[in-house]
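Participant: So the protein lines, in turn, are chains E and A.
Count along the first sequence from 1, add 1127, and you get the number used in this note's numbering.
Count along the second sequence from 1, add 10, and you get the number used in this note's numbering.
These aren't lab readings, by the way, just hints derived from the structure by calculation.
Nothing here was measured: the structure is a model prediction, and the numbers come from that model.
Any given hint could turn out to be false.
Stated by the list, open to error - To be clear about the criterion: a stretch of chain A counts as covered by chain E if any three or more of its residues have a C-beta under 8 Å from a C-beta of chain E, and this derived list gives those stretches: (1) 123 to 134; (2) 137 to 143; (3) 148 to 159.
Every residue gets a Cβ at the ideal spot worked out from N, C-alpha and C, and that includes glycine.
Read off the chains here:
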Amino acid sequence: MWIKHNRRLLAKVLLLLVILVIGGVTVSGCYGRSQPRGWSGAVIADDTLFLASVEGRLVGLNKSDGSRLWPVDSTLGISESGTAIYGTPAVAEDLVYVGGYNGRVYAVTFSTGALRWVYPREGNLEPIVGGVVVSQGMVYFGCSDGKVYALDAITGDRVWQSFETGDKIWSTPVIDGDTLYISSFDKKLYALDANTGSEKWVFAEAKGAIASTPLVYENTVYIGSFDRYLYAVDTTNGSLRWRSEVEVDKWFWAKPVVYNNVIYAPNLDGKVYILDANSGREVAGAVELDSPSPISSDPVVVDGKVIIASQEGKIYSLDTSNNQVGLLRNVGDDGQEIYAPLCASDGAVYIHAQSSKQDTLYALNAQTGVEVWRPVSLSSK
Amino acid sequence: MLELWSSGPVALMLNTLIALSSYLFGSFGLTIVVLTIIIRGAMYPLTVKQLRATRAMQALQPKIAELQKKYAKDKQRLAQEQMKLYKESGVSPAGCAVPMLIQMPIWIALFQSIIRVLAVTPEDLLGLSRHLWSWPVVYSMLPLDNNFLWFNLVSPDLPLAILVGATMWLTQKMVTPTTTDPQQRSQSQLMLWMMPLMFGFIAMSVPSGLALYWAASNVISIVIQYFVLGGWGGLARAGAGKYVVPSSKDIKVRVAEAETAPSISAMEADIVDTGSTEEEESGYGGAGDKRQLGGGGYPASLREFKSRSRRSKGHRPKRR
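With the sequences and hints as input, model every part of the structure.
Facilitator: Have a look at this one:
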């Protein structure tokens, strides 16, 4: 009876609900923010290779043939949906450590993939984008809450009160002796006492945020910034040694590498800048890739060759003797892209490539580009 | 095409947003508000044109309703009569839509720029770097400070979502026409509630930066409408009296009176009131103004506009 009398009203309410749902779904779906997917690089320990898949699982592979170490990839105790993992795992003793975008750090048993501990035990921190490092029984990592954390590697308990920077930390800390170097989006590079977390010095001359991981070489920290300069900083007191003079178009995102006192710094403008480590002057003109694509993946040096991967999935070899660059392999033909840091061992380079449909690890001979073993799918499906 | 759009209007808006933030203490929230004001200011003439055209169309509604009743069974004749009415009144239905269509790409570019600059995930930030121009200020400003007032611009915020819905309701209410046609009134009411609810609902699931843009845009709309319409429009009428739906006989009588009144120009007859007590007490000329009999349904500002419009076309509408 009521329905009969209020049919018109019901129709209006129904129409309103339909419009609300359609409008909401349309606008929410179209507003263009991407979901975090992760781009973990690989780490090698005891002839075993560890990395996180795009599904957020920790994968262990035998370095010799790419076969799985564990019957089932470690889910890190997370539900089916997993979490994005951007940082490269770290290995020490019998544990593998990895930080997740869900704001938690996981320690997994090397031999079985079983979860040993999680930090924090309850709740979570802000997203963790950089990798973790392990040194002298401690696990260090930076977080998007701007803090640097130090945990006991065995128990996962916090060792010192977190050191706070002025903005997000997306880079991986670097340990050199008893000093921890870490960069922040607050445009500063910090040197901390790794044992206590106390500040040794701060380098604050950069004019842009710093997302790249520092390179420590010969008492100097090399760091690239969003202000499009590369800085060389004295490790003893944090003073500026030099700032690159070369004009670049985009941000420095990837960690530079050094070989024979020459810095090779990739940039998001798709070029690799070659600078003298002592003076910062250009040793040779910037190396341009055959098809310009941003370089956000950390390069590696293998037998005098700098191996570089562009976002569009092309892997190049830059000969340090003559600074000539050649295409080693293209894995981007089927839409795969490369964001993850490269990893090298025994003349082979390991490349994590991904697309919306694929998640693959390639093992290539760094000299020839020939596959060491067939590409391994990291997907569990 | 999509690439052209991204590298053109979106890139321009995006880089302007970032550069502007350097003069606004690096606050992205403040930048969104200021850029919204600047763009709305730049498009003020178009907005005014659209508002006036809409008002003129609304003012013709009683006459159109009468035509619809008169030629209910002859659609072709109805269309002809409607066109004739528009022509005589100097009102173009496209006058409402064209300014809005011109503004649409600008809104979309601003909308997309805000989303991109609010890069939250590493993928977003890397993607943003592709759209940046080589202005030193652009590179050094990123990433921008996402905190503004009580909320984080990248996360949804309930109070802000409510503010979006409330300001949108006010905006809609100001321009909702008074109508004696129950069907039209029903549609107006649906629109009045549907848009605020929809945007409030969406604002609860998108970054607050977008919600801030919507809220700022709504407030600016309210201010513009206040000055262009010469008052609070529908808001002032809201509590002015109980709505009385006139009968069709009543409409015919009143329209006939209006058509035969010798002292009333054709244009004024076109927009004569159809008997709403609500409208009699408000009008767009100012809240609570009593209308003069035969003075037309237009507020003073709109009558002036209509007169100018007709003069500019160099003709006077035919008397009936």
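Participant: Evaluate each hint against the coordinates.
Facilitator: Taking the hints in turn, this is what the structure says about them:
no.	hint	verdict
1	123 to 134	holds (count 8)
2	137 to 143	holds (count 4)
3	148 to 159	holds (count 4)
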